[in-house]
Structure formats: structure tokens, C-alpha cells
Amino acid sequence: MNVIRRLWRIRSARVGVVLAVLLLTTAILGPMLLPLDPNAIDVRARFAGPSTAHWLGTDDLGRDTFTRLVHGSRMSLFIAALSALLGTLLGVTLGVITGFLGGWVDVAGMRVVDLFFAIPTLLVAIGIVALFGPSATTTILALGIAYTPLYARLVRGTVVSVRSRTYVDASRVLGARGVRLLRTDILPGIVPIALVQTTALLGFALVDEASLGFLGLGVQPPDASWGQMINAGRQFIFQAPWLTLIPGFAVILAVFSINLIGDGLRDALDPRASQRVGDT
Amino acid sequence: MHERTSATGSREPDAPVLEVTDLAVEFMTRSGPIRVVEEVAFRVRPGEIVGLVGESGSGKTVTMMSVLRLVPPPGRITAGRIIVDGTDVRSLSRDGMRGLRGSAVALIPPDATAALNPVVKVGDQVMEGVRSHRPQVSEAEARTLALEMFRRVGLPRPEQRLRRYPHELSGGMQQRVLIASALQMAPRLILADEPTTALDVTIQAQILRLLLAVRDEFGTAILFVTHDLAAVAEICDRVLVMYSGRLVESAPVADLFGQPLHPYTRALMASIPPLSADPPDRLQTVAGAPPEPGSWPEGCRFAPRCDLRTQLGGPDVCTTSQPPLVEVRPGHHAACHFATSEAGVRAATDLAATVEEAEAVVLPESVQPGGAA
Amino acid sequence: MSGIGRPLLELDHVERMFGGSWLGRLGGDNVVRAVDDVTLSIAAGEAFGIVGESGSGKTTVGRMIVRLLDPTAGAIRFEGQDITRLRGGALLAYRRSVQMVFQNPYLSLNPRRRVRDMLLDAYRIHHLASGRDAEERVAALMEMVGLRRTMLDRYPHEFSSGQRQRIGIARALSVEPRLIVADEPVSALDVSVQAQVLNLLRGLQEELGLTVVFISHDLRAVSFLCSRVAVLYLGQVMEVAPRRALVERAAHPYTQALMGSMPSLAPGSGITREVIRGDIADQQPPPGGCVFAPRCELRRRLGDPDRCLTERPWPRELSEGHAVACHFADAEARPDTDARPEATGAAAGPTTPTTPTMVGISDPTRVPAVTSTGATT
Numbered sequence: 001m002n003v004i005r006r007l008w009r010i011r012s013a014r015v016g017v018v019l020a021v022l023l024l025t026t027a028i029l030g031p032m033l034l035p036l037d038p039n040a041i042d043v044r045a046r047f048a049g050p051s052t053a054h055w056l057g058t059d060d061l062g063r064d065t066f067t068r069l070v071h072g073s074r075m076s077l078f079i080a081a082l083s084a085l086l087g088t089l090l091g092v093t094l095g096v097i098t099g100f101l102g103g104w105v106d107v108a109g110m111r112v113v114d115l116f117f118a119i120p121t122l123l124v125a126i127g128i129v130a131l132f133g134p135s136a137t138t139t140i141l142a143l144g145i146a147y148t149p150l151y152a153r154l155v156r157g158t159v160v161s162v163r164s165r166t167y168v169d170a171s172r173v174l175g176a177r178g179v180r181l182l183r184t185d186i187l188p189g190i191v192p193i194a195l196v197q198t199t200a201l202l203g204f205a206l207v208d209e210a211s212l213g214f215l216g217l218g219v220q221p222p223d224a225s226w227g228q229m230i231n232a233g234r235q236f237i238f239q240a241p242w243l244t245l246i247p248g249f250a251v252i253l254a255v256f257s258i259n260l261i262g263d264g265l266r267d268a269l270d271p272r273a274s275q276r277v278g279d280t
Numbered sequence: 001m002h003e004r005t006s007a008t009g010s011r012e013p014d015a016p017v018l019e020v021t022d023l024a025v026e027f028m029t030r031s032g033p034i035r036v037v038e039e040v041a042f043r044v045r046p047g048e049i050v051g052l053v054g055e056s057g058s059g060k061t062v063t064m065m066s067v068l069r070l071v072p073p074p075g076r077i078t079a080g081r082i083i084v085d086g087t088d089v090r091s092l093s094r095d096g097m098r099g100l101r102g103s104a105v106a107l108i109p110p111d112a113t114a115a116l117n118p119v120v121k122v123g124d125q126v127m128e129g130v131r132s133h134r135p136q137v138s139e140a141e142a143r144t145l146a147l148e149m150f151r152r153v154g155l156p157r158p159e160q161r162l163r164r165y166p167h168e169l170s171g172g173m174q175q176r177v178l179i180a181s182a183l184q185m186a187p188r189l190i191l192a193d194e195p196t197t198a199l200d201v202t203i204q205a206q207i208l209r210l211l212l213a214v215r216d217e218f219g220t221a222i223l224f225v226t227h228d229l230a231a232v233a234e235i236c237d238r239v240l241v242m243y244s245g246r247l248v249e250s251a252p253v254a255d256l257f258g259q260p261l262h263p264y265t266r267a268l269m270a271s272i273p274p275l276s277a278d279p280p281d282r283l284q285t286v287a288g289a290p291p292e293p294g295s296w297p298e299g300c301r302f303a304p305r306c307d308l309r310t311q312l313g314g315p316d317v318c319t320t321s322q323p324p325l326v327e328v329r330p331g332h333h334a335a336c337h338f339a340t341s342e343a344g345v346r347a348a349t350d351l352a353a354t355v356e357e358a359e360a361v362v363l364p365e366s367v368q369p370g371g372a373a
Numbered sequence: 001m002s003g004i005g006r007p008l009l010e011l012d013h014v015e016r017m018f019g020g021s022w023l024g025r026l027g028g029d030n031v032v033r034a035v036d037d038v039t040l041s042i043a044a045g046e047a048f049g050i051v052g053e054s055g056s057g058k059t060t061v062g063r064m065i066v067r068l069l070d071p072t073a074g075a076i077r078f079e080g081q082d083i084t085r086l087r088g089g090a091l092l093a094y095r096r097s098v099q100m101v102f103q104n105p106y107l108s109l110n111p112r113r114r115v116r117d118m119l120l121d122a123y124r125i126h127h128l129a130s131g132r133d134a135e136e137r138v139a140a141l142m143e144m145v146g147l148r149r150t151m152l153d154r155y156p157h158e159f160s161s162g163q164r165q166r167i168g169i170a171r172a173l174s175v176e177p178r179l180i181v182a183d184e185p186v187s188a189l190d191v192s193v194q195a196q197v198l199n200l201l202r203g204l205q206e207e208l209g210l211t212v213v214f215i216s217h218d219l220r221a222v223s224f225l226c227s228r229v230a231v232l233y234l235g236q237v238m239e240v241a242p243r244r245a246l247v248e249r250a251a252h253p254y255t256q257a258l259m260g261s262m263p264s265l266a267p268g269s270g271i272t273r274e275v276i277r278g279d280i281a282d283q284q285p286p287p288g289g290c291v292f293a294p295r296c297e298l299r300r301r302l303g304d305p306d307r308c309l310t311e312r313p314w315p316r317e318l319s320e321g322h323a324v325a326c327h328f329a330d331a332e333a334r335p336d337t338d339a340r341p342e343a344t345g346a347a348a349g350p351t352t353p354t355t356p357t358m359v360g361i362s363d364p365t366r367v368p369a370v371t372s373t374g375a376t377t
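Chains as they are written, first to last, in the numbering used here: chain A, 1 to 280; chain B, 1 to 373; chain C, 1 to 377.
Just chain A, with the same shape it has in the complex (with noise of 0.2 Å):
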């Protein structure tokens, strides 16, 4: 509660937070409000400029490119918050593995991830879904396993330089072990880093979904996300350079707030700065 409270008092997160809360209630709401089929082709109004009846044009079927926005914003924001919460849940699990246990697990587990790490994230997501073709699902298996490595190496780190903290000596000598040595003193000190991390994997893969649209291995039309309205605006760019623009600018839109928020957090969670933020 304390964090959210002092995260308010961050202008920018402030921004950042009412933008996101703007996209989330577009993306939940949304499609239940527009009265448009985000599929319904109109040949006789192909490419159709802003009007009255189609706020942002259309496409080269002459489907709404407002609907569909709003209708991809679902599934791009389904997607990346998805993907971020499994690879926060798989690089959290296996870094305080690794970073506690410490010995050969840690050795053998650093070597999986190290060999990961040498690959791009973005083609090693690609690798997935090569393995399994491309769907919403495999989307977001690729990119959470695709942010795995560099989440579980972060959390490792931190658990190895939290564990030798002094006060968690402090608490070995009076008897603490396990679970319990996790749950009061080595968890609460990933907890901040976690969520920075996590806020940036949903810009990352928000991103990342549009790469992976833009592609062709994302989201398979006619279905809408953001990245799949990128790959299909793409052959024509030059006729009608909105159908590309737009989504874009919606997935910058979403990675500014979310970076934003993210920042914030960062200082929000400094329990030395509270002070200071207290004072913005």
C-alpha cells in the first residue's frame, strides 16, 4: 500500500499510471462498446481515410482499423502480460533455486541459462514457435521462455548478494533456515527487483509481439494484436502508411507508460528514498 502510495507521488509515474489504466479499460472494455465486427469485410470502403464511420480509416479488407486496435490491444496486452508472468515465474523459481542452494545446482543451472543467454531472446522465441507453429499459446510460452535466462540470472544475483547480507547472518545464528529464511529475509529483497524487472518484460514483450507479428509468426490473422495489424500493414506501407503507424503507436504508447511506471517503481521501492520522494 506504502509503495503505491509514494508511487503516486512520482509525477511522471503518475502519468504513466493513468495511461495504463486508460489502456487496460480500452482493451477490457472496448470490444464490448464498438459496434463494429473487427472482422467484417467491406470491399467497397478498401483503404478509406478517417470519417464518421471509421475513425482511423480502414484496411486493404476495409475492416474498422479502430476496432481492430482496440480489439488487437486485447490480445497484445493478453500476450505480454502472459509472457511477463511466466518468465517472471520461471527466472524467479529457478534464480532463488540456483542463487540459495548455491553448489553444483547452481553450477549446472547457470550453465543451461549461460547457453540460452548466447542466443538472442528474440530468436530463441522464434525457435519456439518454429517448434510448434505460430498462435497466440505458442507466443507466449516462446516469450516467457524467452525471458527466462536474463530473469533468472537477475534474481540469482541478487539472492546471491542478499544471502550474504549481515542480517541474514543475523537471522541464520538465531536459528533460521529454509523456507523460513526465504520468506523473511531473502524474498523481500528480490521483491523490488522483480517488479522493475517484470514491468520491463511487458515492454519488452510487448514489443516483442509486434516483432514476432511482424514477422508473420505471432498472432495468425484474421485475428487482431497489435503486431499482426504491423505484418498486415506492411505491404502497404506507402499506399497507406497509417495501417502501420497506428499500431505502432499504440505499442509505443503502452511501453512509454509501462516504462514510466517502472522508473517509478524503481524509487518507490528504495526504502532510503522515500524521503526524497516523499519531497517531489
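FYI, nobody ran anything at the bench for these hints, they're computed from the structure. In this text, all values refer to a predicted model and were calculated from it rather than measured experimentally. Think of the CB as a built atom: it goes at the ideal place given N, C-alpha and C, for glycine as much as any other residue. Worth double-checking, as some hints may not be accurate.
Stated by the list, open to error - Covered stretches of chain A, going by a simulated chain C footprint (3 or more residues, C-beta under 8 Å):
#1 158-167
#2 170-176
#3 180-187
Said to hold, decoys possible - Calculated from the model, a selection of chain B residues having no Cβ within reach of chain C, i.e. all distances over 12 Å:
#4 Ala-24
#5 Glu-39
#6 Leu-70
#7 Ile-77
#8 Arg-90
#9 Gly-96
#10 Ala-114
#11 Asn-117
#12 Thr-310
#13 Gly-313
#14 Asp-316
#15 Ala-347
Dock chains B and C against the given chain A, drawing on the hints supplied.
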């Protein structure tokens, strides 16, 4: 930089190398300025070692940094005059200030490891120190000078040491390197900020001795900032005691320890455990902790913790009016309404006697100064 | 103080090496012997001091006693039982008997936990108390260390450094231990606050009959608190002495150097005496000899006898409870056969220090003058 002598005409041989008058430093915060130092005034004469003593938050380091105009950012000097070697520091240009830092005044920081660049050989760092301030000095000359200085500060095998990286030297050696680096500019004043705190006891003693030797051989004045009263007693000529941003006592070292007239000074002295075969059951302590900067109490800032005030039945004047620093004995200043009250003087005399007795440790014959000969 | 006089804690030829997994040793990594054959015995109810500088191994000894580290050789016995191999329930039981107070009160308290939770830990872990009972005990602990029970819901950053150290002490006391290892508990505190915490430790030791192992670099604090003191240097015990013997007739040249290096509150007494040369890191100690030999004044006065380099001096008793690890500790009182006759001449004073100190510096203003004339060429 060479013109510093001509800055003013008043350079009698005994003119102070440092004169601070009515210094005030404020830290700007969003909830308004906080005065962390006020009404601080003192002088340091050539060849004099002056101790500036205080606990954390007393303003001692800020006071020292003011001399170099190096008060960290939210902090600002808001009043007072600082004259270093005839130069008014507050009116100097940026370049002038830089020149002064490299020539007339040198700073010895508390943490030598942090002050040295870890990836540059110490010899190169020391030589760079000279050459950045005196571009006309050739590399060979700088090297000769550095060697000479390394030898003088007691670094064994100086030729080899020049080629060492900081991590290859122990803490004591690193501190010697910094002192050598400061000395090569032949400063008139050295500001030593807790120069021994990070060091082991035996090395501390060596560095303190080195500071004494520097003064004796070079005639350099030293402003020695520390929390360690005993170190002050050992090497200083005069002592300034700070509490909550103000000077509370200032006296020649023998007078301060012979008759500590401010209750805070007494509290500090009494709280140091004696090295004794029959220690007291309890150490005398002051209740509580020093106030946070900015939330100073009304009147005398030490009043809430003062045992003399308690003894006197809690006179109101202590909480209503701030006692000024006045000369209560020749050369001995104290900022206490009751510095020379009967109870105050008795407390001072008693404490001094106790301390003298406790400190007269009979060291084993073999430790008795061989070096005193 | 102990009825039977049996020691509560014994360190028996304890050794701890660092640096060197089996892999590293194959690669020829340096192995550091942080604690080297330390044997000590501490009686119940005693306040025992361990003094040393950085690198002396004093902290390592403390951490081995509380089982944060295991010795690589030797045994540590608590009430006669070797604790170095305890596991599971037996280790947990040991943790109820032995606690630690840490050096830095800013690092030793979890910044994200309230004081109440930290103090309740002990009762939860050891199932000592719960509910109202535990709450009452926690409040009593706070009062015992001079804090108010209303402070229980605060976080560490809301306390001053002295108060934090009191919380650290309260936490150590929460399991009602018999032994407390205090590792430099006051060195991070301001002078006036140090005295408060020292008084608190002393009061608790007397009232609760605690055994205290007080680890410090500060001879003053140690002599105030401890009735017996061990002096460590580079992992070895140099001297063990009751307080009076330590203060009045320290026998080891290193102990003497430590005492001679302490600044005194009496102005003019002057630490102008040169009692010790060089740094710990300055010279490698001779393998097999005395670790202090390279810096030893006594050895120099005796004309650098070879025995110091070839034979490790083991602690030997000079008098009841006063042991010293030096071949020549009593050489000057009763000149030993090993000491050379020149010893008397050399004892007149260290006149030829091997380290060049500031001698024969003429006019300081010359120094820059030399360079500036050079610069005109």
C-alpha cells in the same frame, strides 16, 4: 597560482594561513534551508596543528570542506569570510579556486583507497598531481620530486612503490602516498579529514607521527578533522570542539584537557574508556543522541543532554538563549552560560584529574620511549 | 565465576583456511590461513576479549564460534561437546545457547522488517512462546536494552545507530543464550554512543550472568569490558592475559606495540615513540617462524636472532593465566642465552630505523623551487 602571495598586502610572517569568520552553511531542501553550520570562526597559524573535533552531524566535515568551497551540492555557504593564505576564498573564480586547491591548500581524505584511481600506478598519479597544476614541470622533474616525497613520508623502496597500483599497497601506505602527493605542492595548509580512521591502531600511530613530522619539517599548518579526542590530544596545538553545527569550545590543547569548560567536551572525554587494570563499573555517558541537523533545540543545543544544567536545577536561560562563544580564560573560549560557574569549574577540574590518572598507564619498560631519546 | 571452573567454550587447535576450492588449489591459488592453530578456553560467566587488527582473524574466530563458518581443522567445544559437526536439531539447540551481536547496526537489521517481527523470530523458530506471551517477552526485551515498547512497530531506519545496536543486542538476547559473541559492536558508533552501548553490555553481562566474547580492535573498550584478553596477530594467538597483567605487564612485543600505538588523552605524552615498524602487508612473515618477526622491535633490539625465523613460538605461561607466544618475551628482564650481548646497546633506542623517515629535510620552500628553476631550462 604563483600570484597568491600578491593577493593581499598583509602577509606578515605570523599572519594566519586560514581565517574563518562567521561561517554559515545551509543545505537546501524542499522543506526549506537547513542550517548545518553557523557562526563558526577560527584561525590556523603557520605551522600550527588545529584539531576540529565532533561527532557525526556536528558539521565538522562541512566546515572543513567550506575552506575549499567543496561543500556537496544541496549545501551552500551562505555567510562568512574564509581567508586562505591572504586570499578570500569566497570571491575567487573557479580557476582561482582550482589553483588554490593545488598549491596553498591540500586535502587528505579519510579513505585513501577511494581517493586513489585503482587503474593508474600511484607514481603516475602523484606526478600527474604536480603537472596538472604546474604544466611547466617536466616529467623527469615530477618523477624526481615524487621520489623525494615518497622517501620523506617513509615509504620504503620508493622507486618500486612508484610503479605500484593502489591495491598493491596497504591502507597505511596508500595514506602515505596521498600525504606525499599533498606535500609535493608545498602547501601552507593541509586539511586532514579523519586521515587515520580507516587504519589499524599501529598504522594510525605511524600516520599521526608522520603528520607531526610534516609540520616540524615543512612548517605546514594542519587542520585535523576527527572524532578521536585522544588523537587530538597527541598531535594538536589547539582544539576546536563542534556540536550541532556550532563551535562550543576552543582552546590550546593543554587547557582543553586540563580544564574542559564546556559540558559537551567533558561528556566526550568521560565517555572514552580508560585503559586500566581497574576500570570503573560504568562509563559516564550523555543521554540520548545528538539532534538531527535542522531540528535543533531552542537555546543551547546541548541543553537537553547537559548534565551541568541538570545539576544546576535546569535554569531557563539554557533553553531560551543561545550561549555565544566567549573567551572565558585567556585563549580559552566556551559557549556555555555556566562555563565558569562553580559547579562547572569543579566538574572540569575533577574530570581532568580523573583522566590524567587513568591515562598515566604504566607501560612496560620496553615500551617506554626508546624514541624519546 | 563458574562453580566448577570448567570452561564453557574451548577452542582446540582451531584452524581456518580461505581461498581454495580443490579446483583452485590445483591451479595454484593462494590459500590464506586466517586462523592458525588457535587454542583458547573461556569460562562460564566470563567476559573474554579478543583483540587484533585487520587480518588478525578475530572476526573469523567469532563467526566459527556461532557456526557461520566451519573450521578447517581443530575442534570448538561448548560445554565439552564439539559443535563443529552439529546438524539439524542439535545445531538448532546450540543456536539457543550462543548468539552474536554484529558490528554494523545498519547492515545487521533487515531494512524491510519491523522490530517486532525481528524479535519474534526467535520465539517462532524455537517455539519458545507465542501469542500474548511472546508479545510480552518482546516488550520486556526492549525495556531490557533501554528502548520503549512503543518502538516495536518501527522499521530500522527510524532509529539512530545506537538504538539500532540496542535492537541487535535485544535480538541476540531473545533466545536467552548463555554466550554472546560481540564482534566490534561499538566501532561503528559515535564516541558518546559507544559508551552507552558498552555500559549496556557490561550491565547485561553482570545481571544475566552472560558469558561474553568481545571482539575488538580497541584495547580501551576491551579492557573496560573484559576480565581476560587474547591478542591475535595474523591468525595466531600472541598473548593471553588477565586484564591486570595485560595493562600492567604486557609481555608480547606486539601487545606492547598495540598499547604504545594508542593515542592517550593526556596531551604531550606523545606517540612520538616508534614502537612498531611497517604494515602487516609489508613483508611476508617467515614460513615456520614467528609471524610477528618482521615488525618486531624486541627482535631488533636483541640483534635479530635467527630463532624467530626458524621456530614458531608457542604460547607458554609466564604466570597464572598469562601466556605469551614469544621466544624472548622475558629476555630483557633476564637476558636469555639466546639473546646476543649487543642487546643492551641496542636497547638504548631505535636509532637506525630501516624505513627512511623524515630526516634531514631542510627548507621546505626549496622543494618547489628546485622544480621551477628546472622548468626554465
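Consistency of the hints with the structure:
1. Counting residues of the segment 158-167 of chain A whose beta-carbon sits less than 8 Å from any beta-carbon of chain C gives 3, enough to reach three: the coverage restraint holds.
2. Check on the segment 170-176 of chain A: 7 of its residues sit with their Cβ under 8 Å from a Cβ of chain C, so the three-residue criterion for coverage holds.
3. Residues of the segment 180-187 of chain A with a Cβ under 8 Å from some Cβ of chain C number 3, which satisfies the need for three, so the listed coverage holds.
4. No beta-carbon of chain C comes within 12 Å of the beta-carbon of Ala-24 (chain B); the shortest separation is about 24 Å.
5. Remark: the non-interface label on Glu-39 (chain B) is consistent with the geometry, its nearest Cβ contact in chain C lying 23 Å away (cut-off 12 Å).
6. The claim that Leu-70 (chain B) is not at the interface with chain C holds, since no C-beta of that chain comes within 12 Å of its own (minimum 23 Å).
7. Under the 12 Å C-beta cut-off, the non-interface status given to Ile-77 (chain B) relative to chain C holds; the minimum distance is some 26 Å.
8. The claim that Arg-90 (chain B) lies off the interface holds: its Cβ sits roughly 26 Å from the closest Cβ of chain C, which is beyond the 12 Å cut-off.
9. At the 12 Å boundary, the C-beta of Gly-96 (chain B) stays outside the reach of chain C, the nearest C-beta of that chain being 19 Å off.
10. Distance to chain C confirms Ala-114 (chain B) as a non-interface residue, since its nearest Cβ pair spans about 16 Å, more than 12 Å.
11. Every CB of chain C is more than 12 Å from the CB of Asn-117 (chain B) (nearest about 20 Å), matching its label as outside the interface.
12. Distance check on Thr-310 (chain B): its Cβ is at least 16 Å (rounded) from any Cβ of chain C, clearing the 12 Å threshold; non-interface status holds.
13. In this structure Gly-313 (chain B) is separated from chain C by more than 12 Å, as the shortest Cβ-Cβ distance comes to about 23 Å.
14. The beta carbon of Asp-316 (chain B) is kept farther than 12 Å from every beta carbon of chain C, the shortest such distance being approximately 25 Å.
15. The Cβ of Ala-347 (chain B) lies farther than 12 Å from every Cβ of chain C, with a closest approach of about 16 Å, so its non-interface assignment holds.
Of the numbered hints listed earlier, not one is contradicted by the structure.
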